[in-house]
Amino acid sequence: MKFGIIVFPGSNCDLDAYHLVKDVLKKEASYIWWEETDLSGYDALILPGGFSYGDYLRAGAIARFTPVMGAVIQFARQGGLVLGICNGFQVLTEAGLLPGALYRNAHLQFRCGWTYVRVENHTLPFTGAARPDQVLKIPVAHGDGNYYVGPEVLRRLKKNRQIVLRYVDAAGRESAAANPNGSLDHIAAVCNESGNVLGMMPHPERAGEALLGSEDGLVIFRSLLQYFDQRGGGSGD
Amino acid sequence: MTETGRHLWRRLGLNDGEYERICADLGREPNRVELNMYSVMWSEHCSYKHSKSTLRLFPTSGPRVLLGPGENAGVVDIGGGWAVAFKIESHNHPSAIEPYQGAATGVGGIIRDIFTLGARPVALLNSLRFGSLEDARVRYLFDNVVAGIGGYGNCIGIPTVAGEIAFEPCYQDNPLVNAMCVGLLPVEKLVLGQAPGAGNLVVLVGARTGRDGIHGVTFASEELSEASAERRPAVQVGDPFLEKLLLEASLEVIAGGLAVGVQDLGGAGLTCAVTETAARSGSGMELELDKVPLREAGMSPLEIMVSESQERMLFIIEPGRFNDAAKVFRRWGLSFAVIGRVTADGWITVKHGGRTVARVPAASVAGGAPLYEPDSREPEYYRERQSVDPLDYPAVEDCTEALLEVLGSPDVASKQWVWRRYDYMVRTCTVQGPGGDAAVIRLRETGQALALAVDGNGRHTYLDPYRGGMMAVAEATRNLACTGAEPIGITDCLNFGNPEKPEIFWQFRRAVEGMSEACRVLEVPVVGGNVSFYNEVEGEAIYPTPVVGAVGLLENPDQQCDIAFKKAGDLLYLAGSSTVSLGGSQFIKVIHQAVAGSLPPVDLALEKRLQKLLVQAVRAGLLSSAHDLSDGGLAVALAESCIAGGLGAQVTLPGHPRPELPLFGEGPSRAIVSVKAAAREKLLALAAKLEVPLLFLGEVGGDKLSISVTHVPVVDVTIFELKKIYEESIPCIMEQ
Amino acid sequence: MLWKARIEITLKKEVLDPQGAAVENALKALHYNNVKQVRIGKYMELYLEAEEREAGAKQVEEMCRRLLANPVIEDFSYTLTEAER
Amino acid sequence: MLWKARIEITLKKEVLDPQGAAVENALKALHYNNVKQVRIGKYMELYLEAEEREAGAKQVEEMCRRLLANPVIEDFSYTLTEAER
Ligand SMILES: Nc1ncnc2c1ncn2[C@@H]1O[C@H](COP(=O)(O)OP(=O)(O)O)[C@@H](O)[C@H]1O
Ligand SMILES: [Mg+2]
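Residue numbers (this note's numbering), protein chains in the order written: chain A, 1 to 237; chain B, 1001 to 1736; chain C, 2001 to 2085; chain D, 3001 to 3085.
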């Protein structure tokens, strides 16, 4: 299985995603420059965290217009697997591949630290290796992770089980204190209708080694590998 | 010398003697552009004219040192073809004026110092000082400095992994913002800030040059006052996104061997970059200012030469390699321009609109400032304060109360409110983040890890600059040792008042003497640093505040230790010195609102043995936890280890008529360690071999911290209560 | 013709504005008790060449829709004035 | 009387505006080549009670100076209109 990691000007977790895929999972990975338009040969794309274009204007707003994003949209439409982490999530919402918007944390501060998220839908390519309601310890680091979506779309998200992760405490309960950014309905991750595009604010690539404090992030990546194996290796396009 | 002329150079911060020297070096009187170039380069900030002779006291060499002071940063060998570059620098004055941008650009500047050498920045640290948080303006400064540090570091993707913060009224209007950056480089890629080879191209890369920060260094070289606010330059705004591009492009150009010299533009802007690089190589340059990309139309040659616009770099490139370098700059979307050529004559010739607007000898501008050996006099407060016996203060009735009060004081309380606003995990190398004695980051490239800490105590240094200086070095390196790392080098930032006042210079001199002595005995070289003088507002100086940034090496990241208690039943020992004092302690400050008393003596040989013990014990896997004793003494250190581990402890201390002393007394060369019962014998044997005293304290366990002094219970408190006051104190003050 | 566009971007009414709330609290702490409903948005200024006002306005509108504002959470409005060179 | 204040806060001319520069580049990348000098600031709206316009304006001015704008790097301007209840 081959992962492509998109590099926008200002991405800074590209290296971390690469390290996780290559050195921890021992899978193939390459960086994809933002000017690239040919994504053939990749089985899954990662839009990494960071500050594309400095997050100037709005997080993800400018990166969404890079040449590579046209190709990413194509890739996703054809059912390819796309994982947006943090800034990658922001880019995906700006590009319209995912519903909603991520804006300023309610407490107005950047927040870095460990959070717990509960898997709300374990039937996706990104969560197939999780137990139902499994609680994962995965860190966040962002200033604009406050998820918002209008009431109608929210209803639709719930109905379609597109809310994939929610912030909870270690025991799996939702609370204001466990929500690091004020997200509507404690939403930490959402997917598109067909379930092949996932955006999440927590950083699973930072929770891939015991030395760093948690291996729970591997659940997301193992799910992808498992999904890919079960499907028999066809690529996304 | 005409009267108006005299006014001009004096207004630019030069004295008459310096002006005469300039005329002698030039063989004529300087024109305005030249005079301004001299003025910025001969400012204290760039020339170190009042500190250089004292800085020579530092031991700067050692088997690992590849690059000592004098370059953009120090470089230390860690084996396997890799080296670590690090440096600390102040941005105090800018932060006093505009805290967010001042702090942000401070971080930006120190990052450039690191990647200029070809090193990839892997960690940031900072040391901050503010006035009392009771003051609204201080809260504003604190909040915005923290936001600015985070804003820059988070965006560029370098983790901010450690730091320290203290609050004293003397920093009220003159906060200290010292930022440190650590980078990693392949030894063979090390590139210096030099400009060799006549005919080579001088290439300016990055931000366009604007009118910001003009005369910033002169501003930083005088005391703050109402009048200086008037004269202050346009505030520089940081652009971390641009710096990220500049960082990647620079490393790519350097890795490709495409540049023969690289220099960041910081204080004194283009003038500093061109004169320093040329002077280091004994060459000259011919510059065409018309080629410099400008942000504003109509900038004069003078403005272009001294602008301190951020996010700019100077590359010296052989003509044959220019196209390859240009490709890299273009790929990263950077603007760049060839602004001149290296010459062999040693002179910087500046042209604008076809005219020569300045022609100065590089060596004279960059290194010709006179050095001063200022007068030194022991200040009057010194003996007075020393003679205070802290035990003359009334005894406290309730030591538990006192512990909670000390633990909740902003100096001691958890700084989580600060560091949760820093991305300390990006790069996925942070094995120990903020909150412990030192940060630990693994190095993927070599399989090793670095321990990083920054320390300083202005109160101590004020009461006794010599011992305070020693203690700063001892504490920073001891923090490393507590994680199991062997110290391999330090960088220092010396924040002082006006050195032209003999009492201030005395503090400076004594502090550097103390630091140097500690470095010698602990065998840790000073490989770089920074001096920030003139930290005074309306004639009132800050406490003399040397800050030490220390770097340690762990050969194996799996063999490391932290401060958290791990397991009920583990045995607790106090390792090291048993001599403490309440002089200058946190306890006296918080409980008796006093800064007085004498510091305990410093036994550097014992310090060295203690650090050795810690390192060897961690490597041998003997320790469950190790925590250095500093602010708040034994009681606070125990509380912190309890909180970190969520586990209590039962401790009995030897008798003393005044329990405050063993509980809250402070002194160097001490650490608490916890060990599994099974490892006890080995630890005792190792301590005996290394001649480090071990005092049995008690046991880890339960949900309370209980301390008795000669079997009289003096502290009894739940971990829950300790944690609450420790963690909520600063958020509570800041979010009132 | 050179036009100066002034663009205001505000959070939609139904979106919570934590920054506005924080500023309102800070104003109250300074005893400005007669202030309410503080909302914070962005203000942008730019210059553009266009033959006629209408064409210029159309372009500003388009730029707002495509890039400058996020329609999920933001509204925008703008004015166009002739700019002196 | 209730007044609506609209406040524009802009970076001083000589102060670098990285956001504005990034947005300008982005607009150019979208082929809006006729655009220049993009500057980004803040827009604030608030309501306040004041007997007369002059008193209201004085207060807004004061709030800008004390809190809303950062005089070291920012300028501000505002308008006041009568608000319908
Ligand atoms: N306190 C100090 N201890 C050791 N070295 C110092 C100290 N202060 C300055 N230096 C050294 O002097 C040189 C000049 O410092 P500085 O002008 O701050 O460098 P830069 O212009 O690269 O920021 C550097 O190599 C620095 O390491
Ligand atoms: Mg430098």
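Bear in mind the hints are in silico, worked out from the structure with no lab data behind them. As the structure is a prediction and not an experimental result, all values here were calculated from the model. Ideal Cβ placement from N, Cα and C applies to all residues, glycine included. One or more of the hints may lead you astray.
A short, non-exhaustive set of chain B residues, derived as facing chain D with CB atoms under 7 Å [stated by the list, open to error]:
1. Leu1026
2. Ala1234
3. Asp1239
4. Lys1327
If you want the ones that stay clear, here's a sample from chain C, every Cβ over 10 Å from chain A, calculated [what the hints assert, rightly or not]:
5. Glu2014
6. Pro2018
7. Ala2029
8. His2031
9. Tyr2032
10. Asn2034
11. Val2035
12. Glu2049
13. Arg2053
14. Glu2054
15. Lys2058
16. Glu2061
17. Arg2065
18. Leu2067
19. Phe2076
20. Leu2080
Output of the computed footprint for chain B on chain A, the stretches with three or more beta carbons under 8 Å from beta carbons of chain B [claimed, not checked]:
21. 150-156
22. 192-198
Hint by hint, here is what the structure shows:
no., hint, in the structure
1, Leu1026, "violated (32 Å)"
2, Ala1234, "holds (5 Å)"
3, Asp1239, "holds (4 Å)"
4, Lys1327, "violated (20 Å)"
5, Glu2014, "violated (7 Å)"
6, Pro2018, "violated (5 Å)"
7, Ala2029, "holds (16 Å)"
8, His2031, "holds (22 Å)"
9, Tyr2032, "holds (20 Å)"
10, Asn2034, "holds (24 Å)"
11, Val2035, "holds (19 Å)"
12, Glu2049, "holds (22 Å)"
13, Arg2053, "holds (25 Å)"
14, Glu2054, "holds (26 Å)"
15, Lys2058, "holds (20 Å)"
16, Glu2061, "holds (17 Å)"
17, Arg2065, "holds (12 Å)"
18, Leu2067, "violated (6 Å)"
19, Phe2076, "holds (13 Å)"
20, Leu2080, "holds (20 Å)"
21, 150-156, "violated (count 0)"
22, 192-198, "violated (count 0)"
Checked against the numbered hints listed earlier, the structure breaks hints 1, 4, 5, 6, 18, 21, 22; every other hint is satisfied.
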